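K.L.:
What follows is each chain in one-letter form.
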Amino acid sequence: MKRLYSVLVENRSGVLSKVAGLFSRRMFNIDSLAVGETDDPKVSCITIVSSGEQGTLEQIEKQLNKKIDVIKIKTFAEEESVSRELILVKVKYNKSTRREIMEICEILGASIVDMSKNLLTIQLCDTPERTALLIQMLASISIVEVARTGTLALQKCSLSD
Amino acid sequence: MLGADAMARCLLEEQVKVVFGYPGVAICPFFNSMLAVDIDRVLVRTEQNAAHMANGYARISGNVGVCIATSGPGATNLITGIATAYADSIPIVCITGQVDSKQLGSDVFQEADITGAVESFVKYSYLVKDVEDIPRIFREAFHIASTGRKGPVLIDVPIDIQNAAISKFVYPQEVYLRTYKPTVKGHVVQIKKVIKAISRAERPIICAGGGVLLSEGAHELRDFAHRCNIPVVSTLMGIGVMPTDDPLYFGMVGNNGKSYANRAMNESDLIIMIGARVADRAISQPDLTMDNTVLVHIDVDPAEIGKNVGSHIPLVGDIKTILKDMEKYEIRCDIDDWIERLNEYKRNEPERKPPREEYVDPARFIEMLSDKLNDDAVYVADVGQNQMWSCGYHKVKNGRFLTSGGMGTMGYSIPAAIGARAAARDRQIVAVCGDGSFQMSMMELATMQQHGLPVKIIIFHNGYLGLVREYQYKTYKGHYSVVDLSGSPDFGKLASAYDIPFFKLENMSNADEVIDEFLSIKDPALMEVMIDPLDVVK
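The listed protein sequences derive, respectively, from chains S and R.
Numbered as in my numbering, the first sequence ends at 635 without a single skipped number.
Numbered as in my numbering, the second sequence ends at 540 without a single skipped number.
Bear in mind the hints are in silico, worked out from the structure with no lab data behind them.
Given the structure is predicted, the values throughout are model-derived calculations rather than measurements.
We put the beta carbon where it would ideally sit given N, CA and C, even for glycine.
Among the clues, some could well be false.
[Claimed, not checked] Going by beta-carbon spacing under 8 Å, a handful of chain R positions derived as facing chain S: (1) Ala119; (2) Ser122; (3) Tyr126; (4) Arg180; (5) Thr181.
With the hints as constraints, model all of the structure from the sequences given.
P.N.:
Here is the structure:
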């Protein structure tokens with residue numbers, strides 16, 4: 475089972491390592507991790523995607539709550555969240571593959587943000603599934619390198635909010 | 003006023019009476035400032051034992067224990083002691099010196115990233131970067147160590163911060179930590195559920211852990227058990243919550259515990275776990291089935307609930323406060339047949355096979371010793387066979403039983419007993435260790451003599467690392483590997499080298515007189531007790 479944790483922490487040095495260290499020490503999985511400041515510069519938000527048994531997922535939340543630098547944890551299932559990843563893919567192209575690459579970009583809504591005679595850099599900001607799909611589609615063509623963020627997520631707004 | 007002066011002042015504000023430590027250049031400014039305050043400074047012989055002494059001190063005084071070490075190896079030597087305190091939730095504050103903050107990260111002489119190294123063994127740690135933060139950090143550190151689930155906190159202070167001038171020393175009255183607010187009061191709905199479960203139970207049992215002692219709730223637990231008429235078993239860390247001869251007490255659980263205690267757990271229909279984390283040694287016993295059992299789990303740490311066993315009724319809060327809140331419910335279990343059944347199990351507990359006659363029987367020796375100890379004596383067991391015999395046969399009255407339960411750190415007993423002595427000048431304190439564990443901390447005999455912190459020490463001498471030998475006997479068919487302790491010193495000569503009276507007990511024939519004499523002389527004293535090298539725990 476996958477679960478997302480949106481962890482608000484004190485924006486101090488060493489806090490990320492404490493949180494990441496907790497996961498490794500207690501054998502919790504980290505599928506992805508992303509960190510950034512929030513609107514309050516004293517507070518950072520660590521978004522962690524983890525997977526495991528129900529009991530493990532509960533322990534993660536409880537153990538995170540014990541960390542004194544952790545201010546608040548919001549946790550939700552994948553389907554309850556709006557989640558996005560940003561991916562940059564550099565591919566090699568030639569006359570015969572250029573058309574195909576552009577079609578893939580068009581279909582997936584990716585944009586070409588840089589290019590040279592032989593190389594193209596493609597950007598996509600979308601759900602983790604669709605960024606994965608982009609890699610899959612480009613894999614047969616010739617990927618040079620890939621950079622991607624961890625998943626960022628916020629809980630979906632409900633109608634009553 | 004320098005940072006170092008401020009640190010010493012903070013200890014005064016926290017009413018620290020004694021610190022255990024070992025100096026080095028990086029902590030010298032602080033030790034220099036300590037000269038100006040009225041706090042005893044105990045020089046240990048290796049830093050690990052400073053943490054153990056702070057641990058023993060904390061457990062007996064009920065206050066936070068303080069240990070101090072220098073940067074680099076001084077700090078890393080503390081780690082085992084910190085991990086030991088963490089595993090048993092003992093409140094200590096560890097202060098370490100650190101290299102100049104401008105040189106941090108450049109691997110200069112005696113630099114070690116101690117806050118990074120201890121991260122998984124501390125409740126919290128600080129690296130002080132601004133001298134003005136010292137009062138706040140010390141106030142927070144003592145608060146964090148001693149509240150909620152207690153534990154060690156480390157403060158790492160670079161030498162330039164110790165030497166920097168602090169503009170104004172104001173010790174904060176209040177602690178403001180927006181992320182740290184441990185639950186004290188138990189939720190009333192949950193308390194009512196517990197009461198209801200008790201009223202329905204036919205075979206209830208309380209399993210008391212070290213958390214009861216940490217919340218200073220032993221008295222309340224005894225009252226609660228007797229008022230409700232519920233039998234009690236304990237974990238290793240919970241020994242002493244009930245007097246051993248209390249008619250409602252049925253011994254220690256776990257694979258080294260009493261079989262009647264385990265049967266009580268297995269056959270009960272309501273287990274009330276209180277201040278116990280239900281670790282593997284306590285529950286990994288054959289045939290523990292809990293299908294028809296309601297499990298109540300009372301603990302100050304919400305993360306403990308459901309970590310090792312699922313619970314039906316969780317109740318989070320300070321144990322003493324919860325037990326006091328439960329006083330107002332009139333409830334008494336009419337379960338004489340259940341208690342009678344447990345008593346029958348107790349009567350039928352098989353006798354331990356005695357060792358060969360030319361040796362001392364450790365079980366009978368410990369029973370005899372504990373009968374002779376004062377009502378409020380402190381008994382510190384080390385780790386190994388001596389510990390298992392101690393928890394099986396020592397009879398606690400209104401004293402304390404200390405040991406390293408979670409970490410099982412050999413060499414704990416002597417420094418912890420010395421620390422306990424610093425907290426209780428007039429109590430009888432006995433450390434019981436094996437010849438292996440004794441040699442892990444025998445250097446502290448000097449500390450004991452130097453600082454006038456005398457304790458009674460008993461060495462169970464069997465010439466082996468007994469518990470490991472027993473394991474190798476059972477698991478590897480007696481192929482012993484690296485467990486033979488030949489080469490040990492003559493303990494009598496060693497005692498005389500430290501000017502400590504020495505006793506030797508070869509067999510049980512004169513045990514009575516030797517123990518009497520050992521206990522009657524003025525502290526300290528060392529007794530070597532000859533144990534059958536082939537004796538086993540059960």
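K.L.:
Now, for every hint given, state plainly whether the structure supports it.
P.N.:
Right, here's what the structure says about each hint:
no. : hint   : in the structure
1   : Ala119 : 11 Å, violated
2   : Ser122 : 5 Å, holds
3   : Tyr126 : 5 Å, holds
4   : Arg180 : 7 Å, holds
5   : Thr181 : 5 Å, holds
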